[in-house]
Amino acid sequence: MFDYIWLVPVFPAIGVLINGLLGRRIEAVSKHLIHWIACGMIALSFTVTCVIFYQLLQLPGDQRFYQVTCLDWIQSGVLQTYIAYQIDPLSMMMAMFVIGIGFLIHIYSIGYMWEDEGRYYRFFVYLNLFMFSMINLILANNYLLMFLGWEGVGLCSYLLIGFWFDDEANAIAGKKAFITNRVGDFAFLIGMFLLFTGLGEHGVWSLQFSEVFTHVHYLSQSQATMICLLFFIGCTAKSAQIPLYVWLPDAMAGPTPVSALIHAATMVTSGVYMISRSNVLFSMSPFAMGVVATVGALTAIFAASIGLVQNDIKKVLAYSTVSQLGYMFLGLGVGAFAAGMFHVLTHAFFKALLFLGSGAVIHSMHHAYHKVHCHDDPQDMRNMGGLKAKTPITFWTFLIATLAISGIPGFSGFFSKDEILWQAWSSPQGSWILWLIGAVAAGMTAFYMFRLVFMTFFNECRAGEACEHIHESPPSMTGPLCVLAFLAAVGGYLGVPHALGGSNLFHQFLEPVMGLGDGKLLHDATQAASHGVEHAAQAAGHLMHAAAGHVAEAAGHAAEGAEHGGESMFMEYLLMVVSVALACFGILIAYIFYIRKREIPAALAEKYSFIHRLLLNKWYVDELYDLVIISPLRGFAYFLWRGVDVGVVDYIVNGVARVVGWGSSVVRYIQSGYVQSYAVSVVFGTVVLLAYYFLKAL
Amino acid sequence: MLEFVVPALNLKAILPQLILALTALTVLLVDVFAGKDGKTSLGGLSLIGVVAALVTLFLSRGDFESAYAGMLAVDGFGFFITLIICLVALLSILVAISYEKVCPEIRSGEFYSLLLFAAFGMSFMGSASNLIMIFVALETMSISIYVLAGFKRDNLKSIESALKYFLLGAFASGFLLFGFALIYGAAGTLDIVKLGSFFTAHPDLLHQPLVMGGVALMTVGFGFKIAMFPFHMWTPDVYEGAPSVVTGFMATGVKAAAFAALVRVFFVAFAALQTDWTTIMWIAALLTMTVGNLIAISQTNIKRMLAYSSIAHAGYLLIGFVVGSEIARSAILFYLLGYAFANIGAFAVISAMGSKGEEYNELSDFQGVGFKYPMLGLTMSIFLFSMAGIPPAAGFMGKFFIFSEAIKAGYVWLAIFGVINSVISLYYYLGVIVRMYFKDPEREISIAAPAGTLVAALSLAAFGVLQMGIFPSYVWDLARASAKMLM
Amino acid sequence: MIDNQSVYLAISIILFVIGAAGAICRRNAIVVFMCIEIMLAGVSIAFVTFSRANQSLDGIFMVLFVMAVAAAEAAVGLAIFVLMYRKHGSIDLDKFNLMKW
Amino acid sequence: MLRDYVPVMLMMLVGAGFGVVAVVLSSALGPKRRSRVKKETYECGMTTQGATYAPTPIKYYVVALLFLVFDLECVFMYPWAVHYKSLGVFGFVEMVIFMVVLFVCYVYVWKKGALEWE
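Order-wise, the sequence lines are chains A, H, S and R.
Each residue of the first sequence is one higher than the one before, starting from 3 at the first, in the numbering used here.
Each residue of the second sequence is one higher than the one before, starting from 359 at the first, in the numbering used here.
Each residue of the third sequence is one higher than the one before, starting from 110 at the first, in the numbering used here.
Each residue of the fourth sequence is one higher than the one before, starting from -17 at the first, in the numbering used here.
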């Protein structure tokens, strides 16, 4: 069955072809056919994936690696590239949940996009195209094919963000996403070139993962660092990290299923996937890893801080996505690749759920407003409230997701987030600062997520007379919600850490792929075990001053733990407690602010109006970029256009063109149209040739 | 004096050509015996024949031999040329079937059988390894095409083009023959392989007037067929006047066949003289592409424009000829195939641009076509891109192979001129696309909806162009293998 | 004495040149075609000459083919001329330049 | 050397003789009626009117061309006939193919009505 892996990307491609070429006609016949084709294709490729995944599980862990070469792609000199796919735990894990969630979201879109007349088929074409590219990205066994997918998903995200392009804001958002991503892609490309040549110097002309990673030791430290950093820049664009995260919040202009599928669950995690795919490469360069970790942590807290005050329901989720991605990179950065991927998985579940839930809310709101011809913003939480009763399914599923993302024990988010935090503390690349940032960010996350829930579902309805028109969305939308809710709830038990008596299945599963990376880290760990202890001690000390009261006593325990010579197990429990405590603290505050004493937020905004405005305007980052980068570029471009291009180049070009045209209009008259003049030219040529050759003969 | 060996009757070696000829004869008979209804089946019949020829071509591939006492060289080179010819014939017939609507005259046995006979001659030119054979094949091709060119009996332009092509063609083949005669006089044989060994064996005889005159006159003869400057003058008139489908056929098939013969004769028979002909061919290549591109710019009739552009393409191909390395020869083959796809496709579109009786060949008629007839517009753009050498089309890879090889072999200037020329050519190729998409029609033209066969032809050609442009490795490997096997 | 070969060769060349010159100068299509035939005749003589000189048959066969082909060309050519005459009322080559430039 | 030409000579003699004999015989044996009218000098007819030039019907050309082509194809049979024995089955097959092609063309011409006079 492994050899049929190519079916997985081919099915969506077929979908694209059918709907893309005949879509308009099919839609004229029946809209149902459209989504039957689209969803059917994804279902097919999901089945294939499942079978392959099952067979993969049958194999013993060390044999779980298989490559299938489908086509010659580029054969030019030393560069031999193939359309070839790789089956190993990592890729299959990604494929499983990407295609699975993709399928659910296809179903969901049926309900969500139903009213969209005339463009219905186009939406599904784009979705299928996205699945195709994403699958290529995941299953590729070489960087070039991966890059193809990488570009493909970028394109689809552009197309889908601007799906309702008749509203210019959406079109602009799409452009922003595309351009920002181009920056990253460029870095990625350069990195690839460096890698190709760097290994090529040692006779390994290949971009194939297996090749590259077995010969990676040829690379010098500096080369590795350079390549890793460039790759990481690529990731900052694709996965919305500082400094290139700016496109993601705007990307919410797209239809909500898109935000769920592309800008929460799958595409944005491809950066994480790429790094953990290249873990061998990255673990060669501690510096790069450090950068990854730091950027990740900063992004996590930075985005969370913005999320605190946003009022657009999707914006909040967007920023939470950014900050969760920050977590993942934090995990990767401290060498916990498996943990990072684990968070990718759980995050995919609950974040997709959150978006779909918000989609359902928006859907209901929109309909309600539509009924009463009111043009308020259906995405603004200030217009919502009290939906709990009206949309029960949405509410409960949404609540589960929120608990998961807040890291409440028992829900999926808890395990993954907690593992990352623990690694951030304990692993040799980690440090207590990273942990602290992470923990605080976790607290903030809990706060703003519950703020969201409270504002949306609790209290009285603020939608005016539209209220009584609000009701639950169609089953095609609620169905996926329930499935995802289930996953979001229990998904975490794949990776229960040893500390909690679990046997981290997930970790073991990815062992063969991450092996090299972690192996190196382990041997680092041994020599850095002592550091761990010091960390603990320092942490305890600092925590005293740092956190709130109950944190402080926890820190007391931390100190003890340190005395016991890095009793890591105990330490892990402790940190767990602390982070959970922080989360609960966040929830508590949210509860107070938005249920009990609802005047407080306003008052605070009043009191610290500066900070409030700062956060509300996203730290003015967009404005900053505009000032520092965009407008100077604009000016320069304008100069090039008016001054250089129009002024100088055009004159030259047009001049040349005019001369050539004139020459042409003259020369053409050689062609008199008389047969015999042509015969003469033949004779003339003959004479010349004869003369030439006879001169040779002399 | 009179002894000679009786060659084996090796039908397998010529199976594809044989099938072509038989089909042609069958078509003739069907035409006269079957009545009105039979006429409609002629196209399909010849189509079947060509497909059969293609199949047998691939089945009988690989055995590399010299058949009929050295008359034929059944080698990779011949294989590839025959492949090109069969594809060309296939596409042309597909187009012709739908072209019957525009120009009813061609719905007749003569048309299809002549087309097949021409293809028959062409494919033999590719594998003929004896000057007699080359001459006969060349005439088989030419005579059929003289008639085809004048097939619109009531159209003065068509007749005129037939006349011009006929007179000049006969004239030029006179020169060719005289060249043959002189070479024969010098070496005493007409067998290309023997000639090659003779000249390598007697370098002292190389520079006697007989040989030199012979080479010169043969250059004239072949140069005429491939439309090399200054023997190119017939091209625009003939291409403009001939029925569009015939134009597409001769623009690709004749060029391929003539180039094949040229390469075989010069690289097998006159390999020893390479240093002598290189210089003059260098100049010829430069002038050919420059003149072609230059005059093409100021044309208003698209067929005429493409005629000049085909002259320019002959120039690019001559670059490969000048370089002359094995890779360059494979590049020529690759380029020929890509050019065939693009050019026939373009002429297919042109042939679709007409309703019963009249055709719209003025450039201005293409204004707005892109939106009015999206299929035609899209495919036409693909073909023009390919001819202009813009990726991801076959033309780009072809130019890339030829120019890069030229640079490797040290003909940097030639390559530079080639690139400059392709830049010039952009001007008129893109001009058409601009007209198709960004200008409003001047006069109202109504054309029949493209018939199924035409759609098939267009998609096949477009597929070929893109396939060779995006995944060149298949065809390129094939061309490399074929060029290796040149007897 | 001068050897026959060069004499024959001279004749053939002369014929060829006469033919070429005629093909260029004459205006009547049929005459032009006849001139081309003269060129071919010259070629044939050359072939026969060399065939005798080289003691090989190829030349002779070539001549046979040349004759046959010439006949075929004549057939096609005359057909074209007749067509011209009926459409155009003349076979004067100067009258045929609809297509130029 | 010269005696090689004896057959040719004979051929010519026979040919010429045949012609002469035929003419002589016909004039000798043919019936003759002499009358006054026949002895008179012949003077009649009318002055011609209109164009004396009458274009030849196209059929003449067609037939002429067909004759030309088919006649010339025979050229190939001389060397073949000369070497028939040494060529063996190969030569035979080849010639058969050749003839078949010619025949098909002939049939075609015929069916096309190129040989019809009216």
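In short, the hints are calculated from the structure, not lab data.
Mixed in with the good hints, there may be bad ones.
As the list claims (entries may be wrong) - When the alpha-carbon atoms are kept at most 27 Å apart in a straight line, the in silico DSS-like pairs for lysine-lysine are as follows:
1. 370(H) with 552(H)
2. 459(H) with 730(H)
3. 373(A) with 390(A)
4. 397(H) with 459(H)
5. 67(R) with 196(S)
6. 317(A) with 373(A)
7. 67(R) with 515(H)
8. 370(H) with 93(R)
9. 41(R) with 714(H)
10. 459(H) with 196(S)
11. 797(H) with 714(H)
12. 196(S) with 21(R)
13. 394(H) with 94(R)
14. 21(R) with 515(H)
15. 394(H) with 41(R)
16. 392(A) with 373(A)
17. 766(H) with 370(H)
18. 93(R) with 397(H)
19. 209(S) with 515(H)
20. 397(H) with 67(R)
21. 209(S) with 370(H)
22. 766(H) with 459(H)
23. 459(H) with 370(H)
24. 41(R) with 459(H)
25. 204(S) with 515(H)
26. 93(R) with 459(H)
27. 730(H) with 698(A)
28. 599(A) with 392(A)
29. 515(H) with 196(S)
30. 204(S) with 41(R)
31. 609(A) with 317(A)
32. 394(H) with 766(H)
33. 730(H) with 714(H)
34. 177(A) with 373(A)
35. 196(S) with 714(H)
36. 766(H) with 842(H)
37. 196(S) with 94(R)
38. 93(R) with 394(H)
Results for each hint:
1. 370(H) with 552(H): The hint holds at about 24 Å.
2. 459(H) with 730(H): holds (20 Å)
3. 373(A) with 390(A): Holds, because 20 Å separates the two Cα atoms, which is no more than 27 Å.
4. 397(H) with 459(H): Holds - the C-alpha atoms of residue 459(H) and residue 397(H) are around 13 Å apart, at most 27 Å.
5. 67(R) with 196(S): The hint is violated at about 52 Å.
6. 317(A) with 373(A): Cα-Cα ~25 Å, so holds.
7. 67(R) with 515(H): Cα-Cα ~52 Å, so violated.
8. 370(H) with 93(R): Outside the cut-off at roughly 33 Å; violated.
9. 41(R) with 714(H): Cα-Cα ~31 Å, so violated.
10. 459(H) with 196(S): Given pair residue 459(H), residue 196(S) holds - Cα atoms ~23 Å apart, limit 27 Å.
11. 797(H) with 714(H): holds (25 Å)
12. 196(S) with 21(R): violated (51 Å)
13. 394(H) with 94(R): With a Cα-Cα distance of about 14 Å, the restraint between residue 394(H) and residue 94(R) holds, given a limit of 27 Å.
14. 21(R) with 515(H): violated (61 Å)
15. 394(H) with 41(R): holds (25 Å)
16. 392(A) with 373(A): Holds, at about 16 Å.
17. 766(H) with 370(H): At roughly 40 Å apart (the allowed maximum being 27 Å), residue 370(H) and residue 766(H) break the hint.
18. 93(R) with 397(H): Holds, because 15 Å separates the two Cα atoms, which is no more than 27 Å.
19. 209(S) with 515(H): Distance of about 11 Å is within 27 Å: holds.
20. 397(H) with 67(R): Roughly 44 Å separates the two Cα atoms, so the pair is violated.
21. 209(S) with 370(H): violated (46 Å)
22. 766(H) with 459(H): violated (50 Å)
23. 459(H) with 370(H): violated (38 Å)
24. 41(R) with 459(H): Not OK: residue 41(R) and residue 459(H) at ~30 Å, beyond 27 Å, violated.
25. 204(S) with 515(H): holds (12 Å)
26. 93(R) with 459(H): holds (26 Å)
27. 730(H) with 698(A): violated (59 Å)
28. 599(A) with 392(A): Roughly 24 Å separates the two Cα atoms, so the pair holds.
29. 515(H) with 196(S): holds (11 Å)
30. 204(S) with 41(R): holds (26 Å)
31. 609(A) with 317(A): holds (24 Å)
32. 394(H) with 766(H): violated (59 Å)
33. 730(H) with 714(H): Roughly 19 Å between the alpha carbons, so the hint for residue 730(H) and residue 714(H) holds.
34. 177(A) with 373(A): violated (33 Å)
35. 196(S) with 714(H): Judged against 27 Å, a Cα distance of about 21 Å means the pair holds.
36. 766(H) with 842(H): At roughly 19 Å apart (the allowed maximum being 27 Å), residue 842(H) and residue 766(H) satisfy the hint.
37. 196(S) with 94(R): holds (22 Å)
38. 93(R) with 394(H): Cα-Cα ~14 Å, so holds.
Hint violations for this structure: numbers 5, 7, 8, 9, 12, 14, 17, 20, 21, 22, 23, 24, 27, 32 and 34, all remaining hints satisfied.
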